[in-house]
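On the provided structure of chain A, position chain B as indicated by the hints.
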Amino acid sequence: MTDDTAPELTPLNPAYVTTTRISSALGLLPLLIGAGVLEASQLVPPGSFIVPALILYGLVAFAVPKRKYRRWGYDMGSDRLRIVRGYMFYRDTVVPFGRIQHIDVDQGPIDRRYGLATLTVHTAGNHNSTVALPGLLHADALAMRETIRAAIRQDVL
Amino acid sequence: MTNSQPQDPFVSSIVETPISGALLHGVSSSLDTNGEGSERINTDEGHRLHISGLIVGFVTGLPQLVFPIVAAVFGVRSSSNPVLIPVIIVIVLFASLFLRWLAWTRFRYHIGEHDIRIESGLLNRTARSIPYERIQDVSIEQKPLARMMGLGEVKFETGGGKGEDAKLSYVILADAEHLRELVRARKSGVVDATLDDLAEAVDSPPIFTMDSKRVFIFGLYSFSLVIFAVLGGVAQQFDAFLPFDFWDIREWIGIAEDRGITIDRISDIEMTARIVLGVIALVGLLIVGFASGVIRTTLREHGFRLDRTEKGFRRRRGLLTLTDTVMPAHRVQAAVIQTGPIRKRRGWHSLKFVSLAQDSKDESNFVAAPFATLGEIWPIVAAAALEAPNADVTFRKGSGRWWLPRFFFAALILCGPVISLAVFTEATIAQTANIYWLLVPLAFLLWFERRNYRDALDDTQLYIRHGWWHQRLEIASQVKVQTVEIAQGPISRRQGLASLKFGIAGGTLEMMALPLETARAIRNAVMDRVAAVDYSAINRSH
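Protein chains in written order, with this note's numbering: chain A, 1 to 157; chain B, 1 to 542.
These are computed hints drawn from the structure, not numbers from a lab.
Bear in mind that the values here come from a model prediction, so they are computed numbers and not experimental data.
Fair warning: there could be bad hints in the mix.
Unchecked claim - Within a straight-line C-alpha distance of at most 25 Å, the following computed SDA-like cross-link-like pairs (lysine to any residue) qualify: (1) Lys501(B) to Leu137(A); (2) Lys501(B) to Ser24(A); (3) Lys501(B) to Arg113(A); (4) Lys501(B) to Gln101(A); (5) Lys397(B) to His127(A); (6) Lys501(B) to Arg85(A); (7) Lys66(A) to Ala487(B); (8) Lys501(B) to Arg21(A); (9) Lys501(B) to Ser41(A); (10) Lys68(A) to Ser41(A); (11) Lys397(B) to Asp75(A); (12) Lys501(B) to Val84(A); (13) Lys68(A) to Lys397(B); (14) Lys501(B) to Ile103(A); (15) Lys68(A) to Leu43(A); (16) Lys167(B) to Leu299(B); (17) Lys167(B) to Gly46(B); (18) Lys501(B) to His122(A); (19) Lys501(B) to Leu56(A); (20) Lys501(B) to Asp75(A); (21) Lys167(B) to Phe290(B); (22) Lys501(B) to Asp104(A); (23) Lys501(B) to Pro109(A); (24) Lys501(B) to Leu59(A); (25) Lys68(A) to Lys167(B); (26) Lys501(B) to Gly115(A); (27) Lys397(B) to Ala427(B); (28) Lys501(B) to His127(A); (29) Lys501(B) to Arg71(A); (30) Lys66(A) to Arg493(B).
Chain A with its partners taken away, still in its complex shape (with noise of 0.2 Å):
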């Protein structure tokens, strides 16, 4: 299935894969080990811990990012916030300017090394009261904050 609207979406940086890379093979190190330390122990035929771990890792770490990443993008609107993201669980989010309450521009190491940036809009909804948009240059999010900033502001007003 192909959606209609993709071609406006604008993708995310190219660098967010290599940041969630990083962070997916950062997290799921503890698994690794664990493999390891059953693997050491010798219970079992050698590799039949270690084998689908790696594997596993080998996919999670390094396969799953390109295609998540290829599966995000978004919209800046005149007076609203597109977010799609997933394939196997697509959501397709629309926030308006008008009903957002506040605005965070997060980076964390990995992204600060990266120049990368997540912005997240809250919304007084109880269903999506935050949304994040990751990976995005840490210029760009703050543009965007001013942009939604400006555009709420001429609303009240």
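Relative to chain A, chain B alone:
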């Protein structure tokens, strides 16, 4: 205008301090003294809670003291002096009272120009500020003891976090009502309102009431056997204190035998007698169920009265514990009309308003009419600036394919127990496959769900109707939608179906089983209307 005020406990004491004087004389003068004023607020003594509230708190807190007392008594049990036990009890009681008194002396609240401030804490001081603008609703609750002493508990809700965000327990009832009126007035920007302005036409006719007969019928529909669960729970808690083992059936038989009833004699009883006994047991169960429904409902709903005041809805109810809640009408985000297959036959429905405020622990929305006919409900809905779907609104059915995969998914999951039972027990596949009978009720459930699901959209509102046992019609104003999300799972994606989730303040509305194109069209239509209006403009009181 200040002349008329000294009789009011809040205003009069505020007038004594300079900052409050400014605040009562309007914005212009308070603006000049803003810098100094904020300093003076710190020196402002603020208000204390009413001292007799200590006793109410002490008495209602007594059950919590049972365990410390029991522990203390066990501690001195071995000592030979029996006088110690009452002494210990008295010491524990006094310690509790003393701590409460300390907390009371350290508790202050200030009625400021923009906010209510509450300072509390013995060692860790907490100063909380609640801006008037953010207060969702103010409720006054009177538990039986407080009611006897003419006290009330004032609760402020801002919608942030869980439950009430601040409460004043307890103040004199008249003060509580004045306080609420003051908050209401400040919120709508009336800084220099006098009490005469605040005094409302209390005796205006209510928009909905329930007499005792209505409450009784409602109670009958609230049939509940939860009392047995409660009794079981209590028995489990205190089985150490019972003279027999509550859960041991042989003990019960033993007790019966002591009274001359044996298994043999029960077996001897002829069939008709057994049937009679069974019927008696059943009738007993029914009586208990209906009675507990009626009692619980009466305790909560007695004297139900809903008023449409100038700014919002005011609801009063309760038999022993009186509650009095006000919710501003512009805070209403959506209306939920609920009924069930049985009560619907008689036309009984309930109406709730969705807002950021939570009614209580178990009711997350403001109950505007718990048991009413549609004829009574629609005017209340209209008072909240929402409308009943008119005849032009066409309700859309969900696509049947949406529910089918759920059925197969359940069948797939049941494979697990079927196979594992066949492998690990003696049973054959043919026997374990009987688990699949579970799919029959599930099929009915899904079928009912599909049959009852409807959604619709008109120029201003969204409508979603679903459920079979709990039939709900949700009505939301489109401009109050916060976010819209199109969601597809792996299966619905292949089917080209999607669900559309609307985030609103205080709840979520979900349209299901939509073709993707329809979902996109609805999303765009709603978003265009939403983006045209700023949310803070909508929620401002008019």
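Do the hints match the structure? See the list:
1. Taken as a hint, the Lys501(B) and Leu137(A) pair is broken in the structure, with Cα atoms around 29 Å apart against an allowance of 25 Å.
2. With a CA separation close to 29 Å, the supplied pair Lys501(B) and Ser24(A) exceeds the 25 Å bound.
3. At roughly 36 Å between alpha-carbon atoms, Lys501(B) and Arg113(A) are farther apart than 25 Å, so this suggested pair is violated.
4. Of the pairs offered as hints, the one joining Lys501(B) and Gln101(A) holds, with about 19 Å between alpha carbons and a cut-off of 25 Å not exceeded.
5. The suggested pairing of Lys397(B) with His127(A) holds, with an alpha-carbon distance near 24 Å, which does not exceed 25 Å.
6. Proposed proximity of Lys501(B) and Arg85(A) is supported: the alpha carbons are some 15 Å apart, at most 25 Å.
7. Only pairs whose Cα atoms come within 25 Å are accepted, and Lys66(A) paired with Ala487(B) is accepted, the gap being roughly 22 Å.
8. Between Lys501(B) and Arg21(A) the CA atoms are separated by roughly 31 Å; this puts the pair beyond 25 Å, and the hint is violated.
9. Straight-line distance between C-alpha atoms of Lys501(B) and Ser41(A) comes to about 50 Å, which puts the hinted pair past the 25 Å bound.
10. Restraint check for Lys68(A) and Ser41(A): the C-alpha separation of about 36 Å exceeds 25 Å, so the hint is violated.
11. Annotation: proposed proximity of Lys397(B) to Asp75(A) is violated, straight-line Cα distance about 31 Å (limit 25 Å).
12. Restraint check for Lys501(B) and Val84(A): the C-alpha separation of about 14 Å stays at or below 25 Å, so the hint holds.
13. Using a Cα cut-off of 25 Å, the hinted pair Lys68(A) and Lys397(B) is violated, with the two alpha carbons roughly 34 Å apart.
14. Among the hinted pairs, Lys501(B) with Ile103(A) is consistent with the structure: their alpha-carbon atoms are about 22 Å apart, no more than 25 Å.
15. At roughly 37 Å between alpha-carbon atoms, Lys68(A) and Leu43(A) are farther apart than 25 Å, so this suggested pair is violated.
16. A distance of roughly 23 Å separates the Cα atoms of Lys167(B) and Leu299(B); the hinted pair therefore holds under the 25 Å criterion.
17. Between Lys167(B) and Gly46(B), the direct Cα distance comes to roughly 15 Å. Compliance with the 25 Å bound is thereby established for this hinted pair.
18. Between Lys501(B) and His122(A) the CA atoms are separated by roughly 16 Å; this keeps the pair inside 25 Å, and the hint holds.
19. The suggested pairing of Lys501(B) with Leu56(A) is violated, with an alpha-carbon distance near 33 Å, which exceeds 25 Å.
20. A threshold of 25 Å between alpha carbons decides the hint, and for Lys501(B) with Asp75(A) the separation of about 19 Å falls inside it, so the pair holds.
21. A hinted pair counts as satisfied when its Cα atoms are at most 25 Å apart, and Lys167(B) with Phe290(B) does not qualify at roughly 35 Å.
22. Between the alpha carbons of Lys501(B) and Asp104(A) the distance comes to roughly 23 Å, so the proposed pair stays at or under 25 Å and holds.
23. Distance restraint check for Lys501(B) and Pro109(A): the Cα-Cα separation of roughly 34 Å exceeds the 25 Å cut-off, and the hinted pair is therefore not satisfied.
24. Simply put, Lys501(B) and Leu59(A) have alpha-carbon atoms about 32 Å apart, too far for the 25 Å limit, and the pair is violated.
25. With a C-alpha separation of about 47 Å, the suggested pairing of Lys68(A) with Lys167(B) is violated against the 25 Å cut-off.
26. A C-alpha spacing of about 33 Å is found between Lys501(B) and Gly115(A), which places the hinted pair above 25 Å, so the restraint is violated.
27. For the given pair, Lys397(B) sits about 44 Å from Ala427(B) by alpha-carbon distance, which is inconsistent with the 25 Å threshold.
28. The suggested pairing of Lys501(B) with His127(A) holds, with an alpha-carbon distance near 8 Å, which does not exceed 25 Å.
29. Taken as a hint, the Lys501(B) and Arg71(A) pair is honoured in the structure, with Cα atoms around 20 Å apart against an allowance of 25 Å.
30. A distance of roughly 21 Å separates the Cα atoms of Lys66(A) and Arg493(B); the hinted pair therefore holds under the 25 Å criterion.
Violated hints, in rising order: 1, 2, 3, 8, 9, 10, 11, 13, 15, 19, 21, 23, 24, 25, 26 and 27; the structure is consistent with all others.
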